[in-house]
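All chains, full assembly: derive it from the sequences and hints.
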Amino acid sequence: MAKVTIRLESSADFNIVRIDDVEVMRAPGTRDVELEPGNHVLTWQIKGQQGDKYTLEITAPESAEFTRKATLDSFAIDFGFHSFEL
Amino acid sequence: MCLLSSFGYAQEKLLITQTGETLTVEDLDEVAFVPSGVSQVSNPVSKINLTSTIGETLAAANIGFQFGKLGLWSGNVEIASPTASSGNTNPIGLDGLASDGKITLGLQFKNWKALTTNEIIGALTGYKDKDGKQVTSFVEIASDDDKRKILNKLKQEGKLKSPWFVGGTFTINQQDFKYATDNTLSTIMSEDEITVNFSLYGGFYVGKNINSLMRAIVLRKNSFNANPTNDYFTPFNGGPTLIKQSLSIGAPSESEETEISVENVTAWEGVGINPSVTYLVNAETWSFNLPIYLMTGKKGEKALGLNAGVYLNYLTDADDHFTAGLFIGSSLSDILRPKN
Numbered sequence: 001m002a003k004v005t006i007r008l009e010s011s012a013d014f015n016i017v018r019i020d021d022v023e024v025m026r027a028p029g030t031r032d033v034e035l036e037p038g039n040h041v042l043t044w045q046i047k048g049q050q051g052d053k054y055t056l057e058i059t060a061p062e063s064a065e066f067t068r069k070a071t072l073d074s075f076a077i078d079f080g081f082h083s084f085e086l
Numbered sequence: 001m002c003l004l005s006s007f008g009y010a011q012e013k014l015l016i017t018q019t020g021e022t023l024t025v026e027d028l029d030e031v032a033f034v035p036s037g038v039s040q041v042s043n044p045v046s047k048i049n050l051t052s053t054i055g056e057t058l059a060a061a062n063i064g065f066q067f068g069k070l071g072l073w074s075g076n077v078e079i080a081s082p083t084a085s086s087g088n089t090n091p092i093g094l095d096g097l098a099s100d101g102k103i104t105l106g107l108q109f110k111n112w113k114a115l116t117t118n119e120i121i122g123a124l125t126g127y128k129d130k131d132g133k134q135v136t137s138f139v140e141i142a143s144d145d146d147k148r149k150i151l152n153k154l155k156q157e158g159k160l161k162s163p164w165f166v167g168g169t170f171t172i173n174q175q176d177f178k179y180a181t182d183n184t185l186s187t188i189m190s191e192d193e194i195t196v197n198f199s200l201y202g203g204f205y206v207g208k209n210i211n212s213l214m215r216a217i218v219l220r221k222n223s224f225n226a227n228p229t230n231d232y233f234t235p236f237n238g239g240p241t242l243i244k245q246s247l248s249i250g251a252p253s254e255s256e257e258t259e260i261s262v263e264n265v266t267a268w269e270g271v272g273i274n275p276s277v278t279y280l281v282n283a284e285t286w287s288f289n290l291p292i293y294l295m296t297g298k299k300g301e302k303a304l305g306l307n308a309g310v311y312l313n314y315l316t317d318a319d320d321h322f323t324a325g326l327f328i329g330s331s332l333s334d335i336l337r338p339k340n
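Chains as they are written, first to last, in the working numbering: chain A, 1 to 86; chain B, 1 to 340.
Watch out, some of these pointers could steer you wrong.
[What the hints assert, rightly or not] Mimicking DSS-like on lysine-lysine, the simulated pairs with C-alpha atoms at most 25 angstroms apart in a straight line are:
#1 A:K69 x B:K130
#2 B:K244 x A:K53
#3 A:K53 x B:K298
#4 A:K53 x B:K110
#5 B:K110 x B:K161
#6 B:K149 x A:K69
#7 B:K147 x A:K53
#8 B:K147 x B:K159
#9 B:K113 x A:K53
#10 B:K110 x B:K133
#11 B:K149 x B:K133
#12 A:K53 x B:K130
#13 B:K147 x B:K130
#14 A:K53 x B:K339
#15 B:K221 x A:K69
#16 A:K53 x B:K299
#17 B:K133 x A:K53
#18 B:K339 x B:K113
#19 B:K128 x B:K149
#20 A:K53 x B:K149
#21 A:K69 x B:K113
#22 B:K133 x B:K147
#23 A:K69 x B:K244
#24 B:K155 x A:K53
#25 B:K178 x A:K69
#26 A:K69 x B:K147
#27 A:K53 x B:K128
Rather than coming from a laboratory, the hints here were simulated on the basis of the structure. A quick note: this is a predicted structure, and the numbers were derived from the prediction, not measured.
Quick look at the structure:
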């Protein structure tokens, strides 16, 4: 098992972060989760207002580090995915 | 599932440790996702924020809470009072709230159905960014038409649901009143009156791009209104010297009101509306209000979004039923948020 640290900063009103379809967080903050070695998918779903910014990061382990920064446009929504391997 | 496989998605390999058990993904609907390092004694408050703001008219200290592991519940306590003209502002002390001080307690629950990994990858597959590369997130998509197409499809298929919220606020406000008991001005009274407001609200986003908000609010409040103030010349210390005092005569009057309102907030490019219908229960009056946001506010070089325009109002119980005019108010983007 490997400890994966997820960090979310967001000014948006609704935030969902999941790994392999399991919810990790619904609000900004930092969480550690234990995952099996192998391939995983991080997904996010953000709803706010135009101009809202968010930063989603995998800060540990180093081999899986990832940063996603975005500003919401006039659609005021974002969702996406990132595959990573442990 | 074939799309997931192409991205190397290994759902069956996810394991979670909870009290020593090893659980596979099939069990996940029944268990909480426990982060590592969490103690066995659960803490209902998962996050606390402390902030203070000081403006030209109001200084406020805010303590924000998130409850539960995922942070679905949130709350806050805000203590505010008028900003002191010099030195520190002291909104609360051993004597209680400062004059015109206010304490607000808020609690809110927000929810939104999550898209599955399959749904997200499926929705984005085939769409390109500005450099012609396959996107991994919605905002990267180069074409607005493509974005509309994706949202419409997700909505039509029932995959993208509307975010919703419910909440309540409770506010205590202290007001100081100084008045003469009668027109002899012989007795000057100083009274602290406490007003209590509470509200319950709920709402959800509607429309194809889920950026239109429907909200219902029930507000119960009491308030104290001072009688008109005039300038009077009264003897100083009973002597022949007269001093000028601004006084109202008679104690402030208390009124209570319950308001039930339903509103919509919708923003387009460069224009927005916030129509509302409010029933004033005690006054047995309906109020129909239509602010149309047309002007963008600015602070220095920074655009603040739509915050001004024209309004139309119709009151059922008034001599002049219709009123209309210009308004400058809160940013429409702020009104579009769940916060109330």
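message = Holds or violated: K69 (chain A) and K130 (chain B), Cα atoms, limit 25 angstroms.
response = Holds - the C-alpha atoms of K130 (chain B) and K69 (chain A) are around 17 angstroms apart, at most 25 angstroms.
For this session: Take the C-alpha atoms of K178 (chain B) and K69 (chain A), compute the straight-line distance between them, and say whether it is at most 25 angstroms.
Result: violated (55 angstroms)
Given the hinted pair K133 (chain B) and K53 (chain A), is their alpha-carbon gap at most 25 angstroms? holds (23 angstroms)
K53 (chain A) and K149 (chain B) were given as a pair; does the straight-line alpha-carbon distance stay at or below 25 angstroms? holds (23 angstroms)
For K147 (chain B) and K130 (chain B), compute the direct alpha-carbon distance and say whether it is at most 25 angstroms. holds (13 angstroms)
Hinted pair K53 (chain A) and K128 (chain B), Cα distance within 25 angstroms: Answer holds: K53 (chain A) to K128 (chain B) is near 22 angstroms, not above 25 angstroms.
Worksheet entry | Given hint K159 (chain B) paired with K147 (chain B) - CA-CA distance at most 25 angstroms | holds (15 angstroms)
Given the hinted pair K155 (chain B) and K53 (chain A), is their Cα-Cα distance within 25 angstroms?
holds (24 angstroms)
Assess, step by step, whether the Cα of K128 (chain B) is no farther than 25 angstroms from the Cα of K149 (chain B), and give holds or violated.
Holds: K128 (chain B) and K149 (chain B) sit about 14 angstroms apart, inside 25 angstroms.
Q: Assess, step by step, whether the Cα of K110 (chain B) is no farther than 25 angstroms from the Cα of K161 (chain B), and give holds or violated.
A: This hinted pair holds, its Cα atoms lying about 13 angstroms apart.
CA of K147 (chain B) to CA of K53 (chain A), is that 25 angstroms or under?
-> It holds: about 19 angstroms lies between the C-alpha atoms, which stays within 25 angstroms.
- 25 angstroms limit on alpha-carbon distance, applied to hinted pair K53 (chain A) and K339 (chain B): Status holds; Cα separation ~18 angstroms.
When held up to the earlier numbered hints, the structure conflicts with 2, 10, 15, 23, 25 and fits the remainder.
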